[in-house]
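First to last, the protein sequences are chains A and B.
End of the first sequence sits at 426 in the working numbering; the numbers just go up one at a time, nothing left out.
End of the second sequence sits at 887 in the working numbering; the numbers just go up one at a time, nothing left out.
A hint or two may mislead.
[Claimed, not checked] List of simulated lysine-lysine pairs, PhoX-like, C-alpha gap at most 25 Å:
1. B:K547 to A:K294
2. A:K354 to B:K709
3. A:K334 to A:K294
4. A:K45 to A:K369
5. A:K407 to A:K334
6. B:K512 to A:K294
7. A:K407 to A:K354
8. A:K414 to A:K354
9. B:K512 to A:K369
10. A:K264 to A:K407
11. A:K45 to A:K354
12. A:K18 to A:K45
[What the hints assert, rightly or not] Which chain B residues stay away from chain A? Per the calculated CB distances, all over 12 Å, these:
13. L462
14. H474
15. A476
16. K509
17. A524
18. Q529
19. R544
20. V565
21. D589
22. T623
23. D626
24. E672
25. G714
26. I806
27. A845
The set of hints was computed from the structure by calculation and includes no laboratory data.
The beta carbon of each residue, even a glycine, is placed where N, CA and C say it ideally should be.
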Amino acid sequence: MSAQTIAESPSRAASVQKVRSKGGIEAWLVEDYSVPLIAVEFNFKGGAAQDPPGKAGAAALLAGLLDEGAGPYDSEAFHRALEEDAIEISFSADRDILTGRMQTLARHASRAFELLRLAVIEAHLDPEPFERVRNQIAANLRREANDPDFVAGRDFRALAYPDHPYGRPVRGGLSTLQALGRDDLMGLRAEMFARGNLKIAAVGAIDAAALSGHLDQVFGELREEPGPNQVPPAGFSGVGLRHVVPIDVPQSAIRFGRQGIARKDPDFIAATVVNHILGGGIFTARLFREVREKRGLAYSIHSQLVTHDHAAMFAGSTSTKNERAAESIEVVEKEILSLSELGPTEGELEQAKKYLIGSYALRFDTSTKIAGQLANLQADGFGVEYLDDRNRLIAAVTLDDAKRVAKRLFGDGKLLVTLAGRPHGM
Amino acid sequence: MAIAQAVPARRNGADRSPGEQMQDRLPGPPVTQATLANGIDIVVIEDHRAAVVTHMVWYRNGAGEDPLGKSGIAHFLEHLMFKGTKNHPQGEFSELIASLGGQENAFTSHDYTAYFQRAAKEHLPVCMEYESDRMMNLVLTGEAVLPERDVVLEERRMRTDTDPSEQLSEAVQAVLFSQHPYGRPIIGWKHEIEGLTGDDALAYYERFYTPENAILVVAGDVEPGKVITLAQQYYGPISARGTRPERFRPREPEPRAHRLVTLADEKVEQPVQQTVFLVPSYKSARPGEAEALEVLAHLTGGGQTGLLFRRLVMELKIAVSAGAHYQGTALDDTRFYIYAVPAPGVSLEAVEAAACEVITRVAAEGFAEEDFKRAKTRLIADAIYAQDNQAALARWYGASLAIGLSVEDVISWPQRIEAVTPEAVHEAARWLDRRRGVTGFLLPAKRGSSNVSPGGHALAV
């Protein structure tokens, strides 16, 4: 796609209104009346990275409790109130943010924002739901305890980021969950839930004036300044290591990776294109072709760039029967080294750029997806213009850029590899 | 691969005039239907909020049509449909779609197989060219087929062979459907996959991939007239075969005895249990019955306000989670699931008994009016939320048509849910008779012994 064609595409940024409430709370709004509903997504900076040492899972548990009783409602009553009007409110913790989502039919907007305010401001964190939700998370952890995919992933993280929150599971572990008390969650909430920490997006059948009122209603009572967010930067460890966790299964789950490139690094966009060529797409990616299509070694194989606020990695995964797991790793390593040394071809580069540019629109075809995109862009520190800049930046990546960045990203091709299963010869 | 379908619908039985139908129509996306001369059915769903189109071709066949001894062939063929045609070698179309920024994939269930692309709306013609080409002109070489068979075996390993809970599910389905093909896994039994050939796939392809058997669903920022014209251009030239291939499935006999299937594995750290009942589907049910089952599923097992959660988790505190699911969109009699995860120290028997008791109570005494109303409200709202998502709408319509329901059935689904009476739900609960069910227990085992003796007891963990 030519630079000119991109410039002619309708501006996505132009569809976004920046709303600022009387109380000074900002939100990005896409007003749209095609369907009578409203989708809201917002996030507080902090997330699981704020879990106190020895208490991994705190943010996730907090997120799980915000809809379990608030204001005048206990857990049952709150859920009844939601169901009565088919309002959806949920929270989740990620590595660097705690996210809230709300979806409501337009005609129940007032009620929805009222209930949302209760969850954000007046969640009780009562003992009964505390135990119950904790037990639920523990049951889920137990279910996954010997799932090879889960185990390989957890092991990979722990080796990549030892002694750092990014190395610990977001949901915690069975022992850290047990160590959690209500005070831990209250403390986390008090530090994290602040207006200065907050990014909001709203999409659907609501105008700026109405939204503005609800912003103050829902978030106005929060403190302005968040608590200190002191997460140290984390470099990637363990490159060159191969680690196996034995599990009696016929297929080994495999994770591989190395140091990545930061989100705001000028090379990040070129790195995105390079990663796409390697393992970003199905059917057209090098890894897909070599590992799956040619050799039948795996059903799924991909790679991605993962960025956190204080770390960045290149990481991929696949699963192969035990007898051929070593072969899969060999093929992956060979492809990564080849890309590092030679870079992509002109054809591959053009193809990847076209895909990335053309498919961007597919992220914006439902209200909830749009709200998610806008909320996350804000959390990553981008302005609205990024919605239009993004494709221009991709289009501007040259073959020289791609070769240089492939070398920078993959270097000597060494990887941290973790496996869960009974891989032969390893 | 497989999809669990939530939705729609079956006509109420009484004939209604188009005028009456129009009046009842809830505001929803405009839907246009057509049929080409060669039998291809077309449904166009308009959604103008984003300049994107979802293009799908559904075939009215799935794993339920796998010949005996060749389980997994429908799914294998789905994989092989990406391996090239007479006119376009393997990968050519995928590259083209990708260069246009499109995304593509496919899935197989027991009752249908579907192929789809999502792209900016101006690329609809390319999608149609691709799909119409491989409806007619698939070629398979040994070079393409053999590695792909290995891929399917890896997929099976990944989904089932490494996961005791999936292995148990597979065993439970095989018991619930002792005669009917729903008892065979969509991906196929491992030993049968190993024997599948390109010829098997082509035979299946010749039999089922015909225009009479295909439904084209296009959703998005499109104009129906233009879509139909395009469809005529690309799909029109495909020769009609005459009649639609017949689907014959032996009916599952009426179950008379409760069955318990137990799997103990040293990888299991969290015992879980579920019971699956044989119940009518939207297609096989009497008028109103499936809708009542849908409401019953939400009433008993729809999240934290469901009766199962309230009784087992909140009141008795013997479970950490509990729910229900009705797999209504099926061609034949289908599954109704009730599940609960025990709290620490509670046996699977105790949880199963308590869940059973909740159902018995619903069947005998009924339920509170407000719970009933709330369940219906929530379900109907799903239909509105779905309108926000063109891909979800396309799947809803596609799946419904593929099992023989109509566009009108989909459109009127919310009204039919609204029309469900408490008596009907009461009646529907009788389908959840324990004798119609199969219970699966997933248990830990001591290291080194992966088997519990037959009729083994649950461990109190």
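Which of the listed hints are broken here? The structure conflicts with hints 1, 2, 8, 9, 11, 14, 15, 16, 17, 18, 19, 21 and 26, although it agrees with all the remaining ones.
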